[in-house]
Structure formats: C-alpha cells, structure tokens
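Protein chains: 2
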Amino acid sequence: MSQPIDIAVIGATGTVGETLVQILEERDFPVGNLHLLASSESAGSSVPFRGKNVRVREVDAYDFSKVKLAFFAAGPAVTLSFADRAHAAGCSLIDLSGALPAERAPQVVPEANAGVLDGLKAPFQVGSPSPSATTLAVALAPLRGLLDLQSVHVTASLAVSALGREAVTELARQTAELLNMRPLEPSFFDRQIAFNLLAQVGAPDADGHTSLEKRLVRELRQVLANPSVKISATCIQAPVFFGDSFSVTLRSADAVDLKKVNAALERAPGIELVEAGDYPTAVGDAVGQDVVYVGRVRGGVDEPAELNLWLTSDNVRKGAALNAVQVAELLIKGLL
Amino acid sequence: MSQPIDIAVIGATGTVGETLVQILEERDFPVGNLHLLASSESAGSSVPFRGKNVRVREVDAYDFSKVKLAFFAAGPAVTLSFADRAHAAGCSLIDLSGALPAERAPQVVPEANAGVLDGLKAPFQVGSPSPSATTLAVALAPLRGLLDLQSVHVTASLAVSALGREAVTELARQTAELLNMRPLEPSFFDRQIAFNLLAQVGAPDADGHTSLEKRLVRELRQVLANPSVKISATCIQAPVFFGDSFSVTLRSADAVDLKKVNAALERAPGIELVEAGDYPTAVGDAVGQDVVYVGRVRGGVDEPAELNLWLTSDNVRKGAALNAVQVAELLIKGLL
Ligand SMILES: NC(=O)c1ccc[n+]([C@@H]2O[C@H](COP(=O)([O-])OP(=O)(O)OC[C@H]3O[C@@H](n4cnc5c(N)ncnc54)[C@H](OP(=O)(O)O)[C@@H]3O)[C@@H](O)[C@H]2O)c1
Ligand SMILES: NC(=O)c1ccc[n+]([C@@H]2O[C@H](COP(=O)([O-])OP(=O)(O)OC[C@H]3O[C@@H](n4cnc5c(N)ncnc54)[C@H](OP(=O)(O)O)[C@@H]3O)[C@@H](O)[C@H]2O)c1
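Chain order of the listed sequences is A and B. The letter at position 336 of the first sequence is residue 336 when you use the UniProt record's numbering, and the numbering goes up by one with no holes. The letter at position 243 of the second sequence is residue 243 when you use the UniProt record's numbering, and the numbering goes up by one with no holes.
Simulated from the structure, these hints should not be mistaken for lab results. Hints should not be assumed to be uniformly reliable.
Unchecked claim - Straight-line alpha carbon distances no greater than 25 Å define the calculated SDA-like cross-link-like pairs of lysine to any residue that follow: (1) Lys214/A <-> Glu103/A; (2) Lys230/A <-> Arg144/B; (3) Lys230/B <-> Ser228/A; (4) Lys230/A <-> Asp302/B; (5) Lys214/A <-> Lys214/B; (6) Lys230/A <-> Phe242/A; (7) Lys52/A <-> Phe29/A; (8) Lys52/B <-> Asn33/B; (9) Lys260/B <-> Asn113/B; (10) Lys214/B <-> Ala276/A; (11) Lys260/A <-> Leu146/A; (12) Lys260/A <-> Thr210/B; (13) Lys214/B <-> Val274/A; (14) Lys66/B <-> Ala122/B; (15) Lys230/A <-> Ser151/B; (16) Lys214/B <-> Asp302/A; (17) Lys259/A <-> Asp278/A; (18) Lys230/B <-> Asp302/A; (19) Lys259/A <-> Lys214/B; (20) Lys121/B <-> Val274/B; (21) Lys214/A <-> Pro101/A; (22) Lys214/A <-> Asn33/B; (23) Lys260/A <-> Ala206/B; (24) Lys214/B <-> Ser252/A; (25) Lys52/A <-> Pro76/A; (26) Lys230/B <-> Gly299/A.
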C-alpha cells in the first residue's frame with residue numbers, strides 16, 4: 001500500500017467531481033487529507049467521503065502547496081485560472097476540462113498510452129480526455145497490432161449529463177410536459193430534446209465542426225499515437241440521461257480478421273465484449289460500470305478491410321472521473 | 001388533368017397505408033374507385049377519403065382486375081402472397097415492403113432515378129425503397145455530378161414508428177413508467193427503449209448485419225446506379241416517435257468543393273437545406289413535411305475529399321407513402 005497523499009478536487013460539487021470523490025473511496029485510493037473546492041456558491045456545503053462529510057471550500061484563495069495532487073473538474077476557465085498556481089506550488093495536476101495543450105499536459109488513457117507518463121517529470125501535468133476520446137481509445141488500443149488503421153468514422157450519441165445537471169433536469173421536464181400534453185417551453189436546450197435528436201452539441205466553428213468534435217479527433221490521435229489516422233466525428237445529443245453510445249466504422253489497410261479482433265477485445269483490459277446477436281446499451285449496461293462495452297463487432301457488408309463496432313460507456317465514470325483516478329493510480333506508483 | 005384511375009391500397013389501416021390514402025387526397029391524385037384492403041381483422045372498418053368513409057375489405061378474395069394500380073403497404077409476406085395475382089390480372093403495383101427483387105420491381109426514388117420507369121412495360125412493378133435508402137438517395141442524387149463517390153458511411157437513427165403502432169405505444173408507456181418511478185416492464189421491445197438507444201433494429205445475420213442494413217446498402221446502390229460504391233450502414237433505434245435522422249460521411253476521389261455542394265443541394269428538388277450554424281431535427285422540422293432536410297454540410301476536419309451531412313425526414317411520408325405516390329404520379333403520365 002502506497003503512502004497516503006494529500007489531494008484536492010476542484011469542482012467537487014459537480015457531476016464529475018462528486019463521482020470522482022466516490023471513486024477515490026471505492027478504489028481505496030491512498031488519500032491523506034482531502035480538500036474539496038468549488039466556487040463561492042457552494043463553499044460551505046459538504047460532500048461525503050469515507051463516512052464523513054467533507055466541507056467544500058472556495059478555490060480562489062486556496063494554497064495548492066498543501067496538496068501533492070489536484071484534480072481539475074470544474075471546466076476549462078477554472079483550469080486556466082488555477083493550473084499555473086498549482087504547478088508553481090509543486091502540485092501535480094490531472095485536468096478533466098481539456099483546457100491545457102497536449103504539450104503541457106498530454107492526454108492519457110491508461111489502457112492505451114500509460115507509457116506517456118514515464119516521460120514526465122514531477123510535478124506532473126496530465127489530461128484526462130473527453131469521454132468520447134477515452135471510450136474510443138479503450139476500444140481501439142487493443143486493435144493496434146491487428147489493424148493498419150487508415151480511418152475512423154464515428155457518430156457519438158451523447159447523454160445530456162455531459163452538459164451538467166441543468167441539462168438532465170431539462171430532459172426530464174420536457175418529457176413530462178409532452179406526456180401530459182402541455183405546451184413545450186425549451187429553456188436549457190434551444191429546442192425540443194425529448195423524443196428528438198439534436199445534430200450538434202455546442203456551436204460549430206466556421207468550418208461547421210463543434211469543439212467537442214475537434215477535441216475528439218485531436219485527443220484520439222494523440223492517445224493512439226497515430227497522428228495521421230483520418231477521423232470523421234459527429235457528436236449528437238440524444239434524449240438519454242446517462243451513458244454515451246458510439247457507432248464506429250474503422251478502415252484498415254488490409255482485410256480484417258474478425259476472429260483475432262474478437263479475441264483481442266475479449267482479453268483487453270477495461271472492455272466487456274458482448275456476444276454477437278446481443279448488444280450493449282447505455283442504460284442497460286454501461287451506466288454505473290467501469291468498463292467500455294463493445295458489441296456488434298462485424299466486418300463490412302462487402303468490404304473486407306472494414307470493421308464496425310458499437311460502444312457504450314458511462315460518460316461520468318470511465319469518460320471522466322474513473323479515467324482520471326486511474327491516471328492518478330499510475331502516478332502514485334513511486335512517482336508522486 | 002389525367003383520367004381518373006382505379007386504385008387499391010393493401011394495408012390501408014396501417015401507419016403507412018393511412019398516410020398514403022391521405023397523400024392521394026392532398027396531392028389531388030386522379031383516383032377513380034379507391035379500394036382499401038387489409039386483413040380480416042380490420043375488414044369492415046373504414047378510412048376517410050375526400051370527405052367520405054371508405055370501407056376496408058379483406059385482401060384474400062380481392063379481384064385485382066378491378067383496379068389499374070395497387071399499392072402494397074402491408075409487409076413483405078402480403079406482397080409475396082398477392083403480387084403475382086395482381087400482376088396476372090394486369091394490375092400495376094408499387095411495393096413498399098421491399099419483398100420483390102430489383103430485377104422484378106426496381107426501386108425508384110423520383111428525385112434520383114425516375115428514368116428507370118421509362119424502361120418498364122405495363123403492368124408495371126416498382127419498389128419504393130426503405131425510408132433510409134430513400135432519404136439518402138434524395139440527398140446524394142444532386143451530388144452525383146460533383147463527387148466521384150467512393151464511400152458512404154451512415155448511422156441511421158430510426159423512429160419507433162418504423163416498427164408500426166405497437167412500438168409507438170410502447171415508447172410512450174415505458175417513458176411514463178420511468179417518469180412515475182414505476183418498475184419498467186418491456187413488452188414490444190426486449191429492453192428499455194425510453195431514454196436509451198438500441199444498437200440494432202431486428203435480428204442480425206451470421207455476419208452481424210441486420211436485414212434493414214443490408215436493404216439500405218442494396219437499395220441505395222441500385223437507386224444511385226452506383227453498384228461499386230462502398231457503403232457501411234448502422235441502423236439504430238432511437239427513442240423518437242416519428243422522423244428518422246442520419247449522420248452521413250461521404251468520401252470522394254478528389255477534394256470536395258463545399259460551395260458547389262451547397263449550391264447543388266439548395267436547388268435540388270425534394271430538399272430543404274438548413275443554413276450553417278443551425279440544423280434540422282426530426283421532431284422540429286421533418287415530421288409532417290414532404291422534403292428531406294439537410295444540414296451540417298461540412299468537410300472533413302482535415303480530409304479535403306470528405307463531406308459530412310446530417311439528414312432528417314419523415315419516415316412515413318417521404319420514407320414510404322409520399323415516395324410511392326410520387327412514383328405513381330410518374331407512372332400515370334401517359335403510361336398507365
Ligand atoms: N459531465 C460529463 O460527462 C463530463 C465528462 C468529462 C469531462 N467533463 C468536464 O468536467 C468538467 C466539469 O463537468 P461537470 O459535468 O461535472 O459540470 P457541473 O456538474 O456543472 O459541475 C461544475 C463544477 O465546477 C464548479 N465550478 C464552476 N465554476 C467554478 C468556479 N468559477 N470556481 C470554482 N469552481 C467552479 C462547480 O462548483 P459550484 O457548485 O460552486 O458551482 C461544480 O463543482 C467540465 O470541464 C466538463 O467538460 C464532464
Ligand atoms: N412505418 C414505416 O416507417 C415504414 C416505412 C417504409 C416502409 N414500411 C413498410 O410498409 C409496410 C407497412 O408498415 P406499417 O408501418 O404501416 O405497418 P402497420 O402500421 O403495422 O400496418 C400494417 C398493415 O398491413 C395490414 N396487414 C397485416 N397483415 C395482413 C394480412 N395478412 N393481409 C392483409 N393485410 C395485412 C394491416 O391490416 P390490419 O389492420 O388488418 O392488421 C395494416 O393495414 C411494411 O412492409 C413496412 O416495412 C414502413
């Protein structure tokens with residue numbers, strides 16, 4: 001058992017932050033002092049940890065030299081405001097917001113590129129990628145030796161919880177209004193999300209891509225250490241509370257050996273392979289679980305170099321909190 | 001105005017059949033006698049047409065020589081049972097079930113391959129493709145001169161109405177149960193469809209493809225008269241009542257000129273192009289409309305030969321009933 005280390009969680013009252021604290025407890029992470037931080041709004045509230053209620057404090061005046069490791073789970077603006085101070089205080093940091101460039105804080109998914117951590121120096125700065133890139137990296141990493149990967153096409157159907165608590169409330173409210181035949185008044189979303197699919201999440205740039213889509217492409221290439229793979233990504237908003245789903249088509253340079261693909265997925269860490277005929281779903285399988293579910297493993301209708309997959313994962317756990325804690329587990333193995 | 005012709009609708013009490021009768025009225029189709037047919041279960045019921053209630057009769061004993069044209073909208077088994085009899089009686093037929101092979105009844109989407117009809121002889125036998133193939137054909141046909149199309153990747157998110165009335169009821173029932181915190185008891189679907197996505201619609205074959213997916217690939221190639229284009233298709237079930245949505249990535253042999261693509265889509269028949277920044281949705285735009293909505297027209301993140309589109313259409317109208325009536329409109333122009 002490692003030495004207990006003192007830890008800060010920024011954004012501890014959020015969807016990701018609360019789950020992160022819970023996962024530290026579940027996995028018996030060697031936590032010494034735990035400092036929970038948020039904005040002035042929820043300072044004074046508390047979050048349960050190991051049978052006690054831990055008080056939440058405001059991040060603004062926080063002295064980062066008090067801890068060895070900080071998880072940043074409060075959005076990109078907060079990371080950009082406080083990461084330098086934490087680093088200067090000698091505190092290692094794991095960022096979940098995607099705010100820091102890869103040169104400063106490489107994105108790490110332990111199942112795919114844990115080796116990247118060996119090249120870093122303390123105090124460490126590591127990124128935990130977006131839920132989409134993390135899920136795809138877990139599923140594609142074990143195929144690297146089998147496929148000469150040319151392209152990845154992905155349609156990611158994202159849960160509303162990706163947008164925080166308000167989005168969850170809004171899906172429930174809209175659905176109830178429609179079932180009760182009341183007129184719909186969208187507020188958080190600009191239109192009907194209940195019983196509908198929204199073609200984009202966030203505003204697109206001048207070229208039509210959203211920042212989530214660009215983040216997915218950038219992070220997946222970095223984590224797979226495959227800068228030249230062609231990736232087309234469409235992130236849509238599904239009327240689902242928790243759990244992201246992915247329809248994926250891969251193209252290899254040569255014919256795909258499906259037996260070998262199944263065998264590699266079967267033995268890969270972090271993956272639950274669902275047998276042919278059946279398939280996993282967000283609600284029925286992924287939510288609350290640590291693994292990425294993989295199903296519908298099949299070739300092309302008549303393209304031997306094609307591989308199709310269906311993935312689903314818990315966007316808050318493996319997509320964020322769990323992956324960050326797994327990175328921390330690697331960092332404390334003699335490093336921190 | 002053409003001569004009125006006598007018409008039969010088989011499956012007139014179904015989701016597609018009822019809409020078909022309504023569209024014949026809306027578009028002032030020159031209907032003489034209208035014979036509505038179904039199973040013994042709904043024989044005796046009636047369907048409104050031009051202010052009158054038309055009695056529904058059983059198809060089994062029907063004499064097809066009484067009409068010049070029959071729409072088959074009652075499922076593949078019914079088409080296979082009665083198409084020969086109709087044909088032998090000199091009755092032209094438009095099949096909406098996908099049961100007949102292309103050599104016997106070529107699939108036609110007027111916006112894409114109306115010319116195919118010129119090669120046919122009376123009594124005509126024509127297929128109206130699946131909603132997915134129809135929608136894709138409408139959107140891709142105007143791009144044929146612009147793209148040297150190599151591949152099409154599509155994730156089709158299908159409305160539950162594609163599976164008929166029972167599926168619609170089941171989505172509503174499951175949703176209400178969940179919102180009222182009652183335990184979920186799936187019946188029509190084998191698991192939770194409310195607030196979830198199902199990775200496949202229907203059972204897959206030994207290779208993992210569903211018949212809907214194979215039908216999409218086969219029909220789209222035929223309608224686009226592009227037998228060699230690579231198509232990867234994943235059809236998933238969305239918790240949406242009406243309206244299908246499509247995330248599409250096309251690959252051309254050469255760089256795609258987005259200005260020309262937009263211009264071609266803008267002037268194409270049967271398409272409503274939604275401006276960049278905004279996007280169409282099934283519920284908000286497509287349902288109840290005749291056009292295919294196209295949005296999120298964009299290139300690749302860094303692949304110049306890639307084109308991405310988001311499509312949505314009314315699966316019961318353009319996806320089925322409307323397309324079949326449009327085919328009939330072409331057939332009666334001097335042909336029938
Ligand atoms: N939800 C997901 O599926 C997911 C997955 C991966 C990554 N992420 C990323 O993780 C981050 C948090 O997401 P979330 O879904 O947990 O959001 P959330 O539920 O809205 O929670 C936001 C958290 O940040 C805190 N916060 C907001 N503004 C702050 C400020 N100025 N100073 C200090 N703390 C502040 C909030 O504290 P108060 O209670 O004081 O407001 C709260 O603890 C985001 O960067 C998001 O992109 C989310
Ligand atoms: N729904 C869509 O989005 C869609 C789109 C494109 C194509 N299609 C195709 O169109 C066809 C009908 O679909 P639907 O959604 O309209 O189904 P539906 O709502 O279940 O209606 C089925 C219709 O077929 C009739 N029928 C069933 N068994 C029959 C039999 N043995 N003899 C005579 N009539 C029979 C039913 O009559 P009773 O009232 O007597 O049972 C009813 O009128 C299917 O082939 C489907 O694949 C559907």
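Structure-based check of each hint:
1. Lys214/A <-> Glu103/A: Between lysine 214/A and glutamate 103/A the Cα gap is close to 17 Å, so the pair holds against 25 Å.
2. Lys230/A <-> Arg144/B: Holds. Lysine 230/A to arginine 144/B sits at ~24 Å (cutoff 25 Å).
3. Lys230/B <-> Ser228/A: 22 Å, holds
4. Lys230/A <-> Asp302/B: 8 Å, holds
5. Lys214/A <-> Lys214/B: 31 Å, violated
6. Lys230/A <-> Phe242/A: 29 Å, violated
7. Lys52/A <-> Phe29/A: At roughly 16 Å apart (the allowed maximum being 25 Å), phenylalanine 29/A and lysine 52/A satisfy the hint.
8. Lys52/B <-> Asn33/B: 12 Å, holds
9. Lys260/B <-> Asn113/B: 22 Å, holds
10. Lys214/B <-> Ala276/A: At roughly 17 Å apart (the allowed maximum being 25 Å), alanine 276/A and lysine 214/B satisfy the hint.
11. Lys260/A <-> Leu146/A: Cα-Cα ~8 Å, so holds.
12. Lys260/A <-> Thr210/B: 23 Å, holds
13. Lys214/B <-> Val274/A: Distance of about 22 Å is within 25 Å: holds.
14. Lys66/B <-> Ala122/B: Cα-Cα ~16 Å, so holds.
15. Lys230/A <-> Ser151/B: The given pair, whose Cα atoms are some 14 Å apart, holds under the 25 Å limit.
16. Lys214/B <-> Asp302/A: Given pair lysine 214/B, aspartate 302/A holds - Cα atoms ~10 Å apart, limit 25 Å.
17. Lys259/A <-> Asp278/A: 17 Å, holds
18. Lys230/B <-> Asp302/A: 8 Å, holds
19. Lys259/A <-> Lys214/B: 22 Å, holds
20. Lys121/B <-> Val274/B: Roughly 39 Å between the alpha carbons, so the hint for lysine 121/B and valine 274/B is violated.
21. Lys214/A <-> Pro101/A: Roughly 13 Å between the alpha carbons, so the hint for lysine 214/A and proline 101/A holds.
22. Lys214/A <-> Asn33/B: 58 Å, violated
23. Lys260/A <-> Ala206/B: With Cα atoms ~17 Å apart, lysine 260/A and alanine 206/B stay inside 25 Å; holds.
24. Lys214/B <-> Ser252/A: 21 Å, holds
25. Lys52/A <-> Pro76/A: At roughly 30 Å apart (the allowed maximum being 25 Å), proline 76/A and lysine 52/A break the hint.
26. Lys230/B <-> Gly299/A: Measuring from Cα to Cα gives roughly 12 Å; hence the hint holds.
Checked against the numbered hints given earlier, the structure breaks hints 5, 6, 20, 22, 25 and satisfies all the rest.
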